[in-house]
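Asks: Each chain is listed here by its residues.
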Amino acid sequence: MNFKGKDVVSIRDFSKKEIEHILSVAKTMVPAAKGQEISELMKGKILATLFYEPSTRTNLSFKAAMLRLGGSTLGFTDAKGTSATKGETLADTIRMAEAYSDIVVLRHPQEGSARLAAQFSKQPVINAGDGAGQHPTQTLLDLFTIQDELGSIEGKNIALVGDLRYGRTAHSLAHALAMFDTKLTFVSPRTLKMPGEVIRHLEDEGAEPVISDDLESVIPDSDIIYVTRIQKERFPDPAEYIKVAGSYRLDQDMIKNAKQTMRIMHPLPRVNEIPPEIDATVHSAYFRQAFNGVPVRMALLALVGGVV
Amino acid sequence: MKITPISNGTAIDHIPGGLALKVCRILDIPEAETHSSISIAMYVSSKKMGFKDLVKIEDRELKRKEVDKIALIAPNATIIIIKDTEVTKKMQVSLPKKVMEIVKCSNPNCISNKNEPIVSEFSVENGSEIKLKCVYCERFVEDMMESIVW
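Keeping their order, the protein sequence lines are chains A and B.
With our numbering as the guide, the letters of the first sequence map in order to residues 1 to 308.
With our numbering as the guide, the letters of the second sequence map in order to residues 309 to 458.
Just chain A, with the same shape it has in the complex (with noise of 0.2 Å):
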C-alpha cells in the first residue's frame, strides 16, 4: 500500500484497508512516540505546520510527531502577523509553504480550505481541521484508541453522546465506525440530533443506528461511551443549556452498571460532561487517547512522507 504524497484532506478518501493500515503502522510508532526508541525516520524533512485557528493538542502532537521522527517544523499558531491579514489567499500561501517544507499541516476557520490547498501544493498536505468540515487525524487517532483499548473495532457497541449536530468529530467518527461494522448509537438532546442526512449515508453503508436521549440506558450495553462538549452558545435560553447539559454529564452512579470493559473517550477539552471523579476509573481512556494523537500523526507523516 502507497501512501507516499498522497493529501490526507476527509476521512472519506480512504478505504477500510487503507485506515487498517495506517492503524498498523500507528501502533509500531509507540516506543518512539513515548521517547523508549529513537526514530531518524524523517530526518532533513521539514514540515509545515499552519494554524489559522489556535488549537492545543493537534498543534502540539503534530510538532511532537514529526520531532519523534527526527525531522524538524516550521510554522505559526495564530493568522494574525502572517500575510493572511494582508490579503493573501490561502493558495499563494501554501504555494510558499510548499516550497519551504516536505510535509504541510493546515488548520483553517474555512471549510474545504485543506482540499484547496491539495490541490495547489506540491507537496502532501495533511487536513488537521477546517473549520466545522473534516478532522480525519482526529478520527484515526479515535480508531486507533478504541482498537488499543478493546483489541478489535469490529462489531463493537458504541455510543456518541453530546452534541451531534454540530460537532464535525461525531460525523467523520460515525462514517469510519460503519465501515468497521459497530453497533452505533447516538445519544443527544433533541436539539442537538445527529442530522437526518449523516444519517442516512450511514444506513446506505449498511449501519443501522439506534437513536436515543437517554444516556444512562445505554451505558449498560456499550463498549465504548464517546463523550463530546455541548457547547453553550447553541443554546439562546441559557437555563435550557443547564438543563440539557446537566442530564448528558457522566457520573459514577451512572456508570456502575457498566462492563468492566467499557471505556470512556472524549476529544478534549472537556467542561463539565465528564467530571474528574471518572478520571481515576478503569473507564476513562481520553487521555490515552491524547496521547494516541502522537503515534498516529507519527505514522500519517511517515506514510505520506514515503519512508514506511
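Any given hint might turn out to be false.
Taking lysine to any residue pairs in the SDA-like style, the calculated list, with each CA pair at most 25 Å apart, reads [to be verified]: (1) A/K6 / B/V443; (2) B/K422 / A/F76; (3) B/K439 / A/I199; (4) A/K183 / A/P220; (5) B/K356 / B/I389; (6) B/K439 / A/E197.
To be clear about the criterion: a stretch of chain B counts as covered by chain A if any three or more of its residues have a C-beta under 8 Å from a C-beta of chain A, and this derived list gives those stretches [unchecked claim]: (7) 414-428; (8) 438-447.
For the chain A half of the interface with chain B, some residues (derived, Cβ under 7 Å), not all of them [stated by the list, open to error]: (9) T89; (10) E111; (11) S113.
Just so you know, the hints here were simulated from the structure itself, not pulled from any lab data.
Since we're looking at a predicted model, the values are computed, not measured.
All residues carry an ideal CB built from backbone N, CA and C; glycine is no exception.
Given the coordinates of chain A, assemble chain B onto it according to the supplied hints.
Replies: Same frame as chain A, but now just chain B:
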C-alpha cells in the same frame, strides 16, 4: 396546443409542471431590449409526466452553460432547436458528473465562496432528486435555485 409555433429558435419541453418561470429566470427572460416572442405553457397534460411546462423562445439558441443550468432543475427536459419552421435538433438535457462554475456553494463559510483563485465545483449524486455535493466543503447544495450563479 394554444401556443404559436416559432419559425426559428428553441423550445424547451418536458419541464416539470410549475417550473417554467424558473427556467425563464435561468435564461434571464424577460431580457431587456429584445422583442423576440416568448411562449410559456404551464400544466399542460402529458402522457409521460402527468403535467408539464413548455417554453418557446424565438430567435435564440441556448448556450451550453444555460442548458446545464436547466438540467439542474429539469433533468428530463428536452431541448428542440427549430430553423425555418423545421425541427433540426432534439436532445434531452444531461448533467455532467462534475458541475463547475454555474452553481455556488450554499455554505457561506466554504472556501469556494472566498477570494481564492478557484471556481466552484460539485459532484453530482443522482437519486430520486439531483443532489450536488461541494468538492471543497463536502456539503450538499440546499436550495438549487438560490445557488445557481446568474
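Asks: All hints, please: hold or fail.
Replies: Taking the hints in turn, this is what the structure says about them:
Of the supplied pair hints, the one linking A/K6 and B/V443 holds, its CA atoms being roughly 17 Å apart against a limit of 25 Å. Distance restraint check for B/K422 and A/F76: the Cα-Cα separation of roughly 22 Å lies within the 25 Å cut-off, and the hinted pair is therefore satisfied. For the given pair, B/K439 sits about 16 Å from A/I199 by alpha-carbon distance, which is consistent with the 25 Å threshold. Note on A/K183 and A/P220: the hinted pairing holds, with a Cα-Cα distance of about 14 Å set against a maximum of 25 Å.
Only pairs whose Cα atoms come within 25 Å are accepted, and B/K356 paired with B/I389 is accepted, the gap being roughly 21 Å. Between B/K439 and A/E197 the CA atoms are separated by roughly 12 Å; this keeps the pair inside 25 Å, and the hint holds. For the stretch 414-428 of chain B, the stated coverage by chain A is satisfied: 10 residues place a CB nearer than 8 Å to a CB of that chain, which reaches the threshold of 3. Check result for the stretch 438-447 of chain B against chain A: holds, 6 residues qualifying (beta carbon to beta carbon below 8 Å, three or more required).
A cut of 7 Å between beta carbons decides the hint on A/T89: the least distance to chain B is about 5 Å, and the hint holds. Interface restraint check: A/E111 against chain B, minimum CB-CB distance 4 Å, threshold 7 Å, status holds. Taking 7 Å as the C-beta contact cut-off toward chain B, the hint placing A/S113 at the interface holds, the least distance being around 5 Å.
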